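Engineer: Residue numbers (this note's numbering), protein chains in the order written: chain U, 1 to 699; chain E, 1 to 699.
None of these hints come from the bench; they were simulated from the model. Some hints here could point you the wrong way.
Which copy? The list can't say, so a pair holds if one copy fits it or any two copies do.
[Unchecked claim] As a list, the in silico DSS-like pairs of lysine-lysine whose alpha-carbon atoms are at most 25 Å apart:
| no. | residue 1 | residue 2 |
| --- | --- | --- |
| 1 | Lys-613 | Lys-628 |
| 2 | Lys-397 | Lys-613 |
| 3 | Lys-280 | Lys-564 |
| 4 | Lys-613 | Lys-638 |
In this text, all values refer to a predicted model and were calculated from it rather than measured experimentally.
Each chain is listed here by its residues.
There are 2 protein chains.
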Amino acid sequence: MGLESFFNPRSVAIVGASRQEGKVGYEILANMIAAGYKGQIFPVNPKAEEIEGLKCYASLESIPDAPELVLIVVPAKMVPAVMQECAKVGSKAVVIITAGFKEVGEEGRALERQVIQAARQAGIRVIGPNCLGLIVPANHLNASFGGDLPASGGIAYLSQSGALLAAILDTANANGIGFSKLVSIGNKADVDEQDVMEAVADDAQTKVIAGYLESITDGNAFVREAERISHIKPILLMKSGGTQAGAEAASSHTGSLAGSEVAYESAFERAGIIRCDSIKQQFDYAQAFANQPLPAGSRVAVITNAGGPGIMAADAIEREGLTFAKLDEGTVKKLAEKLPAAANLHNPIDVLGDALADRYEFALDVVMDDSGVDAVLVLLTPQAMTEAAATAEAIVKVAGQRPGKPVLSCFLGAAKVRDGVGILRKGGIPQYDSPESAIDTIDAMTRYVQWRSRPKRVVRLFPVNRRRVENIVERHLRHGILDIGEAESKDILEAYGFVTPKGSIATTADQAANIAQQLGYPVVLKIWSPDILHKSDVGGVKVGLTSEQEVRDAFDLMIYRIPKKKPDAHILGVLVQEMCRKGKEVILGMHRDPHFGPLMMFGMGGIMVEVLKDVAFYLAPLTAQEAKQMLVSTKTYKILQGVRGDEGVDIERIAEGLQRLSQLVTEFPQIKEMDINPYVVGSPGTTPIAVDARISLEQ
Amino acid sequence: MGLESFFNPRSVAIVGASRQEGKVGYEILANMIAAGYKGQIFPVNPKAEEIEGLKCYASLESIPDAPELVLIVVPAKMVPAVMQECAKVGSKAVVIITAGFKEVGEEGRALERQVIQAARQAGIRVIGPNCLGLIVPANHLNASFGGDLPASGGIAYLSQSGALLAAILDTANANGIGFSKLVSIGNKADVDEQDVMEAVADDAQTKVIAGYLESITDGNAFVREAERISHIKPILLMKSGGTQAGAEAASSHTGSLAGSEVAYESAFERAGIIRCDSIKQQFDYAQAFANQPLPAGSRVAVITNAGGPGIMAADAIEREGLTFAKLDEGTVKKLAEKLPAAANLHNPIDVLGDALADRYEFALDVVMDDSGVDAVLVLLTPQAMTEAAATAEAIVKVAGQRPGKPVLSCFLGAAKVRDGVGILRKGGIPQYDSPESAIDTIDAMTRYVQWRSRPKRVVRLFPVNRRRVENIVERHLRHGILDIGEAESKDILEAYGFVTPKGSIATTADQAANIAQQLGYPVVLKIWSPDILHKSDVGGVKVGLTSEQEVRDAFDLMIYRIPKKKPDAHILGVLVQEMCRKGKEVILGMHRDPHFGPLMMFGMGGIMVEVLKDVAFYLAPLTAQEAKQMLVSTKTYKILQGVRGDEGVDIERIAEGLQRLSQLVTEFPQIKEMDINPYVVGSPGTTPIAVDARISLEQ
């Protein structure tokens with residue numbers, strides 16, 4: 001069932017309606033009436049005959065016709081009984097405004113569970129509890145105590161914080177920003193962010209989905225669904241509680257576990273979600289997405305009546321990585337025809353301080369026709385002769401004539417540009433308080449366009465020996481062993497197509513020399529003991545041995561010295577292993593995020609990871625393109641490509657390694673964490689070697 | 001002469017006053033009158049008897065008493081004549097509003113030069129030309145056509161863009177932001193940013209200096225003066241034209257050469273200037289600096305009536321690197337006494353959605369007393385029972401009682417908090433439109449406090465052989481040779497206390513073997529020719545030679561092969577040099593910035609610089625602390641300190657090298673660019689070797 005009964009109900013009952021101003025039960029009723037709701041409103045309150053001229057009912061059952069939507073504002077303890085009533089009369093959509101549930105602790109959590117269980121049994125969908133309600137301006141539905149009905153517009157907003165929604169509503173109303181839907185999801189005991197997003201995804205009025213979240217209910221499903229929706233319309237999210245301090249505040253507030261920042265970043269990137277750092281930024285973006293077409297590219301032209309702000313815009317364009325549009329010669333010529341001699345005919349086009357509306361109109365008209373311009377920002381400062389309102393009208397007109405290219409505006413000032421700003425807002429031209437925020441918005445639009453034009457995701461499936469891994473994993477879990485040892489880790493890697501170094505365990509120096517002989521020199525010796533995790537720390541690794549004598553010496557020294565350093569260690573022997581060809585050491589890893597599942601990691605080995613923390617993350621399963629992108633996004637990528645005459649390494653093979661690892665951890669959710677370190681890669685065409693690996697499981 | 005006659009004149013003449021509304025000559029006169037200026041106003045216009053009820057004069061000379069301040073709005077061509085008149089009557093302060101000078105090209109530039117020369121001869125100071133004028137609210141002086149007289153307050157503002165100043169004025173007036181002075185410096189033909197900053201530095205009303213600049217007239221003097229002033233009061237600057245696109249726009253606009261971004265960053269850092277990215281950010285900062293005390297530390301407490309914004313603030317605190325204050329146990333206990341059970345008593349303190357003003361007052365009062373809190377941010381969302389105005393009054397009251405600790409506020413919303421916001425503004429509590437911008441402001445305040453508490457700068461002077469360098473430099477310049485060769489570069493380095501590798505030039509294999517014998521093996525051979533810059537490219541470098549035979553072979557191969565590759569090169573021999581001890585290679589460098597002088601550079605050698613661009617810059621002369629800070633600020637600093645059991649290198653000696661180099665380039669302004677690459681540093685206690693150096697001169 002969708003949320004249609006919430007958004008467009010025939011009738012609404014308010015259980016707990018009150019006559020007392022200031023009480024939530026009164027405010028909601030008053031808001032419903034003030035908004036001009038066209039359906040029937042049924043106040044429910046056994047102690048009142050009528051409220052605000054509406055007949056009041058003693059209970060839901062006493063209403064002649066079952067209300068399609070029920071708003072509950074009675075105290076928490078009484079909510080279960082009301083839910084029973086809803087089930088009885090057959091209402092299928094309920095908003096529980098009342099607080100005092102999960103957010104106050106164990107008792108509230110139990111109450112919430114009870115209420116939702118009852119709702120589910122009766123096939124009732126519930127928004128809340130602990131929420132502000134919902135608003136649908138086009139239907140004159142203000143089923144909330146958040147504030148006045150806002151204008152109707154293209155933004156759908158969902159918020160996990162009711163108070164924030166109230167603030168947003170107040171700000172939006174002051175600025176004439178319009179919405180398609182506003183939903184306060186509160187504790188999201190039933191209807192959650194994903195339900196709301198799905199519901200507005202196909203809503204023709206909704207041009208952009210925006211929201212504030214502190215947690216995400218089901219990470220995996222959310223990513224899948226958001227990715228689907230992002231192809232239809234942009235999603236702008238504020239997600240707080242990402243940092244440590246924020247997460248602590250979040251969990252004390254909503255009792256929900258905040259996911260790790262990196263996983264959220266990856267999830268949002270995968271899903272095409274545009275993350276916003278502040279409400280201001282979110283509305284900066286939303287204005288443009290709701291009212292303007294998407295830019296075809298990143299080339300921005302600026303029209304201004306003052307040099308200073310023009311320079312500020314140019315600086316911002318470069319900082320954001322956009323392109324400062326180079327105007328076509330024809331454009332410059334056309335501009336020269338009518339602009340004064342002192343005007344700057346190149347980007348940023350300076351129409352000069354004495355420009356009236358007609359000069360702006362002319363310049364915008366000419367620049368919009370330049371095929372080398374993908375978006376236009378019109379700047380205006382209020383000077384002696386400036387016609388803010390007429391200029392705004394001209395912009396609305398010209399932009400309306402060319403609906404394929406976005407136009408944004410930044411009228412600086414306040415009183416002197418107020419009328420102009422009003423005209424721009426009404427005319428669908430997004431208006432910004434600084435050149436920087438306008439340019440930041442154009443950047444968000446181009447990033448979204450780039451995301452949308454990415455090729456379809458195809459995850460390659462490699463032929464692997466899944467059975468072999470199943471056996472190892474299951475045997476470990478059966479015995480409660482969660483760390484897989486070196487030998488079996490390598491079995492697992494080989495089963496998924498990784499090549500590991502050859503070698504065998506020697507228990508005597510003679511054996512060691514023999515194995516070395518067979519492998520061919522040089523070889524590596526490693527102490528073999530389940531009790532020694534950090535082999536090098538005890539002198540348990542010796543590399544680059546090139547002769548029988550060196551092998552014998554190294555063997556004997558390990559066997560003699562290590563038991564003295566680690567008397568309790570059970571030593572099984574010494575591994576004699578082929579020495580890897582020279583190559584670069586990288587790390588491939590995976591950490592299973594509690595919300596979003598396997599998070600893949602790539603980094604250069606050694607100091608690059610340790611000192612520079614130069615690593616890239618992405619959610620599994622990886623496509624070839626995404627695996628490659630992980631490499632490219634590290635600062636040290638150039639080192640892999642080869643610098644200073646170094647020929648570089650086989651980048652495709654690293655990407656393949658990441659994809660194989662991604663397949664492994666996707667097929668085996670029992671693997672909690674693992675890394676291949678080092679993964680030694682040589683020059684193009686050679687086979688990388690997975691030298692060492694650590695795998696840990698969870699039940 | 002200071003600028004007192006500009007800021008507080010007894011009388012003002014307006015040359016070019018007009019009766020025609022909309023004309024600048026009218027607007028200025030009208031603004032002067034509307035502002036309630038207490039001195040005499042003399043309109044000057046030969047064609048009018050009186051304007052706006054004031055007697056009009058035919059010329060400056062016909063005014064009975066010489067006006068202290070003269071505003072010129074006549075066309076550019078007439079300005080020289082007016083300046084002559086000023087000289088004659090003895091006015092010493094002139095504002096040229098008129099445009100059409102340097103900014104329009106060569107002719108205008110000549111006119112400007114002529115006017116300023118005349119002024120200088122007569123001892124007249126000039127603001128402008130091509131400016132908006134100036135405003136001093138406390139003296140009811142609005143000698144501008146920028147807009148209405150703003151409120152009096154603690155912000156001094158100077159702007160190189162008149163249009164921007166007009167926009168700022170309009171915005172400030174709408175928000176009740178007060179100023180001590182506003183100065184539009186225009187083309188700054190005489191009075192420039194530095195003059196204005198000096199003038200307001202000791203002005204008791206000015207609490208913070210803010211400005212918008214596109215260029216800086218005299219970089220070195222500016223840095224020195226700004227550094228002095230920053231110790232007295234904060235300087236907040238927007239500097240545009242930093243990026244490439246911005247710089248192009250800047251030079252087409254003002255004809256001034258924009259300095260390189262890195263040099264500006266270093267200069268601002270040295271001078272304690274707080275750089276702002278947008279006007280909004282600048283006013284966010286200015287509000288707080290003008291009205292609130294500086295925080296003693298970085299521990300921030302947050303009081304809120306809603307969880308969401310509290311989390312957003314907590315996230316921002318962590319992102320900015322501030323400290324999320326941990327409340328004292330006593331504080332928590334005290335809070336528990338009066339706050340409801342469901343309130344969060346820990347940071348962020350949640351006084352809950354139904355909090356009235358008294359609850360905010362109580363919480364703020366308690367938190368302000370916590371010695372573990374350095375700054376408090378009060379958040380408010382407009383909920384059903386919220387008392388925005390009364391809460392604002394409570395905040396103003398409590399903050400006023402404890403003037404030693406900054407309090408900032410963020411009342412979210414618009415209409416519902418409007419009265420509250422007005423009360424906060426009047427009461428000197430900075431008010432922000434998002435938690436993020438409030439926290440960003442606290443961060444700017446703490447950064448300023450940290451800068452101010454830095455120890456006094458003491459530049460160490462090393463005993464050097466300055467004479468020796470003088471000889472080399474002067475001889476080169478005399479002969480017009482701008483690149484100093486390897487041998488003499490090393491002489492210069494040695495004169496400044498650097499150790500360079502030992503070695504001599506050999507012209508025969510026998511000689512080479514002999515020199516190697518004396519130096520001791522291993523040695524390096526390098527081809528010696530003024531015509532070969534990149535020795536390795538032609539096989540002209542051979543390292544790690546360990547025997548006489550290897551030296552002879554290498555010598556003969558170079559002498560045989562290189563002339564074939566470079567037939568025109570004049571080969572003087574082969575340098576036989578001692579091989580450097582193992583160590584890490586770093587680069588010490590200097591680039592002389594046209595505005596700010598020698599800009600020192602430090603970076604790790606090899607791929608760290610090439611791939612990661614991991615370098616640090618700072619303006620010379622360097623103190624020991626600054627040199628060390630350059631090292632610390634690189635990402636690869638940890639590598640110098642030693643990782644993974646590596647003992648690291650002698651960091652103090654690298655810092656010393658930077659200081660010596662700083663002294664050299666400071667004492668020899670003829671050195672345009674130089675770098676020591678590689679500078680090989682070994683473990684602590686060893687002497688670094690300046691292996692190679694490149695020095696280029698300018699006349």
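Engineer: If a hint holds in the structure, say so; if it doesn't, say that too.
Structural biologist: Structure-based check of each hint:
no.: 1; hint: Lys-613 x Lys-628; verdict: both (19 Å within a copy, 23 Å between copies)
no.: 2; hint: Lys-397 x Lys-613; verdict: neither (51 Å within a copy, 48 Å between copies)
no.: 3; hint: Lys-280 x Lys-564; verdict: neither (65 Å within a copy, 67 Å between copies)
no.: 4; hint: Lys-613 x Lys-638; verdict: both (16 Å within a copy, 12 Å between copies)
Of the numbered hints stated above, those contradicted by the structure are hints 2 and 3, listed in ascending order.
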